[in-house]
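Model the placement of chains L, F and B on the given structure of chain Z, informed by the hints.
Residue numbers (the UniProt record's numbering), protein chains in the order written: chain Z, 1 to 370; chain L, 1 to 370; chain F, 1 to 370; chain B, 1 to 370.
All the given hints hold, so there is nothing to weed out.
Which copy? The list can't say, so a pair holds if one copy fits it or any two copies do.
Straight-line C-alpha distance at most 25 Å; calculated BS3-like pairs for lysine-lysine:
(1) LYS295 with LYS57
(2) LYS57 with LYS317
(3) LYS72 with LYS35
(4) LYS72 with LYS113
(5) LYS147 with LYS113
(6) LYS10 with LYS52
(7) LYS35 with LYS147
(8) LYS295 with LYS170
(9) LYS10 with LYS72
If you're looking for bench data, these hints aren't it; they were derived computationally from the structure.
The lines below spell out each chain.
There are 4 protein chains.
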Amino acid sequence: MTRLPQNPIKVGVLGATGTVGQRFILLLSTHPFFKLHVLGASSRSAGLAYSKAVRWKQVSPIPECARDLIVKTCIAQEFAECSIVFSGLDADVAGDIEAEFRAADLAVFSNSKNFRRDPVVPLIVPLVNTSHLSIIPHQRSLNSLQKGFIVTNANCSTTGLVIPLAALEKAFGPIDTCLVTTMQAISGAGYPGVPSFDIFDNVVPHIGGEEEKMEWEVAKILGGIAEDGQSFDCRATSPLLVSASCNRVPVLEGHTECVSVRFARRPPPSVEQIQQAMRDFTCEAQEVGCPSAPKEVIFVHEEVDRPQPRLDRDFQKGAGVNVGRIRPCPVLDVKFVVLSNNVAIGAATSSIINAEYAVLTGVVASDPVA
Amino acid sequence: MTRLPQNPIKVGVLGATGTVGQRFILLLSTHPFFKLHVLGASSRSAGLAYSKAVRWKQVSPIPECARDLIVKTCIAQEFAECSIVFSGLDADVAGDIEAEFRAADLAVFSNSKNFRRDPVVPLIVPLVNTSHLSIIPHQRSLNSLQKGFIVTNANCSTTGLVIPLAALEKAFGPIDTCLVTTMQAISGAGYPGVPSFDIFDNVVPHIGGEEEKMEWEVAKILGGIAEDGQSFDCRATSPLLVSASCNRVPVLEGHTECVSVRFARRPPPSVEQIQQAMRDFTCEAQEVGCPSAPKEVIFVHEEVDRPQPRLDRDFQKGAGVNVGRIRPCPVLDVKFVVLSNNVAIGAATSSIINAEYAVLTGVVASDPVA
Amino acid sequence: MTRLPQNPIKVGVLGATGTVGQRFILLLSTHPFFKLHVLGASSRSAGLAYSKAVRWKQVSPIPECARDLIVKTCIAQEFAECSIVFSGLDADVAGDIEAEFRAADLAVFSNSKNFRRDPVVPLIVPLVNTSHLSIIPHQRSLNSLQKGFIVTNANCSTTGLVIPLAALEKAFGPIDTCLVTTMQAISGAGYPGVPSFDIFDNVVPHIGGEEEKMEWEVAKILGGIAEDGQSFDCRATSPLLVSASCNRVPVLEGHTECVSVRFARRPPPSVEQIQQAMRDFTCEAQEVGCPSAPKEVIFVHEEVDRPQPRLDRDFQKGAGVNVGRIRPCPVLDVKFVVLSNNVAIGAATSSIINAEYAVLTGVVASDPVA
Amino acid sequence: MTRLPQNPIKVGVLGATGTVGQRFILLLSTHPFFKLHVLGASSRSAGLAYSKAVRWKQVSPIPECARDLIVKTCIAQEFAECSIVFSGLDADVAGDIEAEFRAADLAVFSNSKNFRRDPVVPLIVPLVNTSHLSIIPHQRSLNSLQKGFIVTNANCSTTGLVIPLAALEKAFGPIDTCLVTTMQAISGAGYPGVPSFDIFDNVVPHIGGEEEKMEWEVAKILGGIAEDGQSFDCRATSPLLVSASCNRVPVLEGHTECVSVRFARRPPPSVEQIQQAMRDFTCEAQEVGCPSAPKEVIFVHEEVDRPQPRLDRDFQKGAGVNVGRIRPCPVLDVKFVVLSNNVAIGAATSSIINAEYAVLTGVVASDPVA
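Pulled out of the complex, with its shape left as it was, chain Z reads as follows:
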């Protein structure tokens, strides 16, 4: 395991008053080596103490380290002392601001969707494809930067899906096709998000853009990097067809997904082999010692009615995923249920593990002069 940084690493949060921003702050407030240094939000909040600017919606109180920080506007010079900037910005502003921050040679780890399809920006689920960080030198070079870059993490519903898919491909080779139906929590829509009148006693069988994201992001995440290290192959060689049906359900936190897959390999692996492969799956973020990585990437349930969002979403602080009901699929090969915490590994936790990995592998300098 890698040595942890000796000195605290100053970090900033963009969109600090929003839902994702609040989660960043909660996670960073107890982090072993990241230290909250600057909080950025809209000009409406700038100049206020964080506790005055935010409509805090978390179950635990505002961390002491954030309460009295004066909120700044989201301009790069305010964050000049930060080695890392986490972005929880809304998509309508994230594009411009993150680009400006990168141009100012800052390292941006973004939860926003804006740069996910950029050909030189890695889209990283930290329990799956941290290797994609290898494109950073090329991204820097294109932008004439020394330290700056943008790394994105995936959409919350993609994240829950792609982790077990990665475990299966690692053990059994390419997956051919995948059908997934999601039952997504309301917290995935931010705040104020879904009006209660729309989702009480109801299911909404549509989430704008979500199915397209799932179908596309999986291909980039499970794809490799071209030989010259300068582009992603987005599963060009061995296509993986994904068909997603996305639903909003009256659940606060935790996305449940029913997944069926077909392997390229004939005959396909058995249910027992798949259970074992999921249990055995490990990732580089664990190997290099990322403090926020879960102990078990995939926890496999044996009870017939698990995982369930209310009971399982907080296991390992939501940093891993839960899989259950692995069983044969009469149409494809095998089907199972995934439960992932959309506000943890599906959002802020992913960004933070990505950043930990970047620090521990030297992509971000870890021990700057104090």
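Chains L, F and B alone, transformed into the frame defined by chain Z:
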């Protein structure tokens, strides 16, 4: 359209105090030609006025015609004057009681699962396969009966699925494979049913026996009858593989199902053709004039986020189904969302339309001597 | 009973695309003598067919009579042909628009709060104080009008409270003090209203301005009119102290209120007397034959656990109130539970009965020349 | 602060598979000096490993220290080695079993209601009246015991109410009257508890026996002990009238209560004085250093819309209470909102603090020979 019966037809309800029984009573209380005559329940309720025996859980009050009926035990002689007996019995007692009623030469329309797999008992979704009633003479003959028989209707989640599948097969020939993920309402579990502690802010990704029922019942319903008229072929010749994933969600009423299908026909029909075929679909229950049949078997929604259980479950009193989001499936051919009312067409309404059809086609005698 | 108007009376709806506006349209679409003639909304909607302008959120489809009406802006000349204008406008615009409509000699029945405290505008709960319409001549005279006026109905939580209070005062004389704790449905907040993230698995013990409204409105509604007929006494002579605690709970429709009261009369009436007085309570709106008035103003439940919002809110189409659990209060005299439908008698239904009463008593001319 | 025991104290749990039993086990698994030694349940569970016997319904996994314990039947000899026995038994069996355990000279801390009204059994809310333990010698003497006794804690809704009342009486003298309306969580009803069909989108304005419990228990808890130390005065001298209205609402955990009080003292204290008195309130359980006592008995919120169950129920692990919205009551003197965690301080946490207090004050011997 067929002539409606001139005289009221006396009917009984088995399991009258249960959830399905209460729905039978509501529907029968305003029926144009069925007349509630006997209510049967357990010995604990027998002898009491219905209003004293029942824990009424419906939104409208107990119908006047049922309020003061004295509840009987579920033995055939109490129902001797009934031309039709509807059964909403629990599966643990339905088998014996329904068999006894049939042996007493009574016509039983059952919502219970016990006889669904019986080789001479039709499993009828009234908007799909009323033609299966043609096996009744053979069933009577095997049991040496003049009038008695058992007809079952399908499981609530099967019903929602099989209606659009039937529309598609009617228009485009056999469906090869079908993947379905359900999000089922708590009312499907009866009363007391699902503990609130289990389903609040939660999804339970398992309903005992439900997936097997869906996968099997579709084959019987969409199958034909053998040439000799004495057995069902259960889709022996052109198998339709169904893979079901069943979930309970925090919704009171209305099962939502995400369905993907692959046709045998190549190339498959277009989305527009499928929309049209669903809209055009009609059934024999409509043709013979069943009063409880919906005007539109399938209502096709154009809004991107419909159907939704809370908004659409009561359309046409829940007697039809709602389909929306018909779109290409990257893995199979096409995918769509179905919403069906599990306590209406998914339960009591199906039994009643089946009985109406039997009356209107002479399978049950409609104008007995007074 | 009064003779109903022979000719349809043309009516308009202000705020037609909003939550209350949608309810007005549903109720008016099947009304025996009101006829939807003009729909008004913001300039964003004006010029569109209603079905294109509205985000329809009701369980039944958009009524045919409204679907193709072209939405107008909320200026009086667009409504010149309307004998009555119903207002479901938001409070931020209702003041100016309703004043302009009155100035144009139009009769406005408003669900908005803006004019409720106006000294010459009656605040009418139609099952309680339709007699307050007698101030209309004075209101017209002050504004130099022939036909125009503004009548308001009460806040939804006030309405549920004041109806049983009126029944008690009618039978037993003045109530001294009243403590009420409300559990209010989310639909009371309009659309988008309460974010699901705020109210799922939660109670919010505060609704802005609601407690003040309840404490104040009761005094005006249960007060008389001064002898000169030109002002309300707002309970100046026999004060009724009300203390309200208002809560939002995760319920879609139906406000539940726990009420304790103390009578001026000593000894106070018995529980049995109170039950009887509630059952016996009738109102002038019934006497003159308002078609939307409920058959029973107060339905008194005997079951120990009723009324309940989900089971009782739709009784009598929500036009009456439900009372249950009448029992002694160890601190004041008696306590009970009220359930009223906040979107029916708590909003649009009240306005409509008020207008029916005005027509049937000649305050609004009923049979204008065609 | 008192010295903590040096050696672990062996404890048992009666009703270990039930809802309260599971909470006892969670809390005891990480306790600084109590050590889980025996788990008792019905004969159906006896003989099984705990993990096989229980339907575990908690968010965190079964603690390691309980997982493999073999469940025993609830007979005293199985618990002979336990210095303390916690009872989470259902009321229908708790009476006999707890009596037998006491007769066997065991110290029983019970969450059940059976002995709460017993004239020599203290009813202790640990943040209020631990002084009532002084009756134990008399209870032992009556039963000819050396060590055994029964101590009960209060009903969950009583607990939330009585803590702020105690703070007010401590600062301002007797409270005269108190009206309280509760909005209680479903977890208060145990498992399976409230059927989802009854409480979804609903309020149930009745909880059997709950109002009587609240009205009565407050008098015993806030009353003193007679001079001879052999009975409770149950507020005989300065009566405190309580009127409770109890409601079940669709919330998982956390009871919200709207409270109005009238003081004997005229004039009553101001809102500011009351806020301060609540903040300043401390209890003996804190003073002797009970490890499970909260740091702040009452946390007073300043936000206008707090406390809320979802956001505040887990503050201080649910061991304290939350109060907010302290404001004048137009009818009595002052009103406020209380939020207490019904499964923590409202149940198992109370029993455990009571036991900690008994150990730290020598009522239970703390360092027995190993």
